[in-house]
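Student: Chains as they are written, first to last, in our numbering: chain A, 205 to 593; chain B, 3 to 280.
Treat the hints with caution; some may be incorrect.
Unchecked claim - Computed cross-link-like contacts, DSBU-like style, restricted to lysine-lysine with a CA-CA straight-line distance of at most 35 Å: (1) K460(A) x K357(A); (2) K91(B) x K16(B); (3) K152(B) x K278(B); (4) K460(A) x K278(B); (5) K218(B) x K91(B); (6) K357(A) x K278(B).
Said to hold, decoys possible - Chain A is nowhere near these chain B residues, computed Cβ spacing over 10 Å in every case: (7) H54; (8) D66; (9) G81; (10) K114; (11) H153; (12) D204; (13) D269; (14) E273.
Said to hold, decoys possible - Just a sample of chain A residues kept apart from chain B, beta carbon distances all over 12 Å, derived: (15) N270; (16) L289; (17) T336; (18) E583.
Note that these hints are calculated values from the structure, not bench results. Ideal Cβ placement from N, Cα and C applies to all residues, glycine included.
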Amino acid sequence: MDQAWSRPVHLYGVERPRGSKTVPSTPVFLPPDSLQRLLDSLRGSGRQLMGPLVRDGAIVFDRIENAAELPRGMRDIQSPGSYRLEQSDSPRLFAWANGPQALKPMTFAPEEVLWQVVRDDSGLHFEPQASTPAPTAVIGVRGCDLAALQLQKAHFLQEGAEDPAFQRRLDKLLIVAVDCSHPADTCFCASTGDGPDAGPGHDIALTELDEGFLLRAGSPQGQEIIDSLALPPASTAQLQAAAESSRGASDAQTRKLPATDLRDALFARQDHPHWAAVAERCLACGNCTAVCPSCFCSAYEPRPSLDGAESEQVRLWDSCFSFEHSNLHGHPVRDDIRLRYRQWLTHKLAGWHDQYGRSGCTGCGRCISWCPVGIDLTEEVASLLEEPA
Amino acid sequence: MNMHTTLPMPAQVKERIQESADIFTLRLQYPDLAGDQRYAFAPGQFNMLYLHGVGEVAISIVSDPQDERLFDHTIRAVGRVTRGMSQLKEGDWVGVRGPFGVGWPLAEAEGKDVVIITGGLGCAPVVAVINYIFRRRERFGQVTIMQGVKHREDLIWRERYDQWAQQPDTTVALAADNPEQDQSLFSGNVVQLFDRVDLQPDNAVAMLCGPEIMMKYAIEALMQRGFPDTRLWVSMERNMQCGNGLCGHCQMGPLFVCRDGPVFRYDRIAEWFFRKGF
Ligand code: SF4
Ligand code: SF4
Ligand code: FES
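I would like the entire structure built from these sequences, with the hints used as guidance.
Tutor: Structure follows, in structure tokens:
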């Protein structure tokens with residue numbers, strides 16, 4: 205199997221992201237005091253701008269208007285079961301890795317009305333949900349989340365079953381990615397091949413250096429915005445600094461997943477005793493699936509009006525850790541935590557290969573930090589692989 | 003007519019048939035279907051039926067694709083939605099999305115003997131295929147139908163089985179754990195019926211539907227008798243909410259039962275079949 209994807213993404217070095225056809229158009233240099241100009245042009249054409257903000261002790265994406273709102277000097281300290289922010293005196297705005305929320309909610313909404321129905325004397329009348337999402341630009345997206353967006357596209361836009369809600373949101377989204385310069389201790393995107401630099405799927409990508417930003421376009425729309433800023437090309441020294449930053453960001457990562465296709469190895473270990481050992485710690489809370497940028501499960505629920513004449517069909521994020529997820533005639537196929545953890549890990553790292561041609565993990569590390577008991581999938585995989593199948 | 007995968011189409015209950023204490027059939031019609039248009043589907047495929055304000059449920063289509071205008075769903079009232087549906091009357095409305103999934107390998111079965119094995123209560127997907135075959139009897143070889151149930155009264159559609167048994171080149175073998183003096187029923191389970199039928203594996207396909215444990219033993223018996231795993235087909239059931247490969251509930255290993263199934267060639271699911279938790 206082609207393992208091209210499981211190499212770190214270094215844009216300015218020799219290695220290039222999987223699937224990217226073009227070397228980035230000559231990067232240009234944006235001085236820090238001009239960042240507002242970029243934000244203003246992102247907000248052009250009636251777009252709302254989403255960016256990283258500090259809220260309740262974590263980095264989250266929300267509406268922003270000014271560069272001054274960005275989390276200057278903020279660092280995230282992550283380890284299994286723990287996430288906290290620390291203010292540093294660094295002037296950088298993107299010196300953090302991630303927060304609990306990925307890009308996912310902007311295309312696959314946590315709650316979405318799929319259709320409405322009205323009942324009257326002449327029968328049932330179904331109407332698709334046709335509301336158009338607001339045009340949105342988002343700044344601060346990382347390589348792991350861009351890669352996860354590619355996975356979500358493969359799932360939600362499969363031929364013949366394209367999800368209209370996902371498509372509508374995606375069509376309205378302009379993505380400004382930022383190469384990761386400060387991975388967290390939980391990150392392992394270099395081993396999955398999805399970072400630290402932003403791979404394909406963005407409109408614009410930024411590299412943050414001490415002296416300012418390098419910008420490169422990933423789409424014609426991004427190129428247009430960059431051109432409108434009339435910026436000078438990046439200097440050789442700046443490009444070199446970017447390459448070093450990228451290399452440093454991969455070298456700093458200590459966790460990793462094996463760079464091989466784990467499909468057969470994991471399915472062959474369905475009965476491994478280690479599943480039961482994990483189940484003793486796992487609370488089946490579903491945090492890992494909620495923070496995972498590639499998880500796609502959803503529950504369909506009716507929401508009838510009080511008089512019963514009308515109803516909406518709502519789609520909500522679901523998790524394979526919930527008891528009802530595998531319900532069949534009143535009894536779940538996975539009636540204990542061992543089976544549910546095994547479902548999660550084998551789907552993520554094995555089933556995805558058959559479904560969409562690669563692993564479903566992009567190395568963001570969120571499921572490690574946000575697990576209340578600190579279960580670390582990279583360690584669980586290592587334990588499972590220790591003994592031969 | 004196109005598939006309706008995301009938005010339900012209204013359909014009207016034209017007839018409601020009580021098959022047993024908790025099994026009923028709804029005969030549905032799309033009023034929007036113009037002139038001689040038919041609802042195009044394949045036996046073994048299913049629809050997501052929506053009961054207003056209560057929810058959707060995956061139900062296999064039992065009628066024949068050539069039937070004019072009406073399509074039938076045989077439903078067992080076991081959950082919230084199906085119990086609600088059992089209250090529906092003629093003239094009431096439901097929503098329908100579908101048809102979904104992959105049905106029985108009928109083109110492949112033409113010119114071959116067909117062995118149909120089912121167990122449990124009213125296995126609708128096989129009724130669809132049996133009806134299909136008898137309507138086109140000349141296209142198929144020897145037909146063997148084997149069914150096992152717990153109690154005699156669980157054999158709904160008993161007259162149909164009797165009619166099928168009268169057909170040329172057809173064997174119907176029925177077993178009940180509790181046959182209650184009914185001489186035509188073998189006392190035992192469906193696997194024990196294998197000693198009472200004559201199966202020629204060389205030019206045959208087998209189609210199975212019912213409880214997984216029954217299918218597991220029947221598959222073992224078929225393979226012992228020389229059926230290759232590539233000529234065994236099974237209809238699977240899993241939790242289904244979207245029907246079109248999006249919601250993730252029906253996953254069995256890497257397979258989406260709604261989209262890649264519900265009918266699978268056995269060798270393609272053997273890795274996960276009857277493995278607890280998949
Ligand atoms: S499995 Fe964990 S590390 Fe991998 S993409 Fe999902 S949340 Fe991130
Ligand atoms: S089955 Fe579990 S791991 Fe797979 S997408 Fe659904 S919630 Fe995520
Ligand atoms: S029923 Fe939703 S994915 Fe199969």
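Student: All hints are to be evaluated individually against the structure, with a verdict given for each.
Tutor: How the hints compare with the structure:
1. K460(A) x K357(A): It holds: about 25 Å lies between the C-alpha atoms, which stays within 35 Å.
2. K91(B) x K16(B): With Cα atoms ~8 Å apart, K91(B) and K16(B) stay inside 35 Å; holds.
3. K152(B) x K278(B): holds (23 Å)
4. K460(A) x K278(B): Within the cut-off at roughly 30 Å; holds.
5. K218(B) x K91(B): Distance ~38 Å between K218(B) and K91(B) Cα, so the pair is violated.
6. K357(A) x K278(B): holds (31 Å)
7. H54: Non-interface label fails for H54(B): nearest chain A Cβ at 5 Å, not farther than 10 Å.
8. D66: holds (25 Å)
9. G81: At roughly 7 Å from the nearest Cβ of chain A, G81(B) sits no farther out than 10 Å, so the non-interface label is violated.
10. K114: holds (29 Å)
11. H153: holds (18 Å)
12. D204: Non-interface label on D204(B) holds, nearest chain A Cβ at 32 Å vs cutoff 10 Å.
13. D269: holds (15 Å)
14. E273: violated (6 Å)
15. N270: Since the minimum Cβ distance to chain B is about 38 Å, N270(A) lies beyond 12 Å and the statement holds.
16. L289: Answer for L289(A): holds, closest chain B Cβ roughly 32 Å.
17. T336: holds (17 Å)
18. E583: Non-interface label on E583(A) holds, nearest chain B Cβ at 22 Å vs cutoff 12 Å.
Violation of the numbered hints given earlier is confined to hints 5, 7, 9, 14; the remaining hints are satisfied by the structure.
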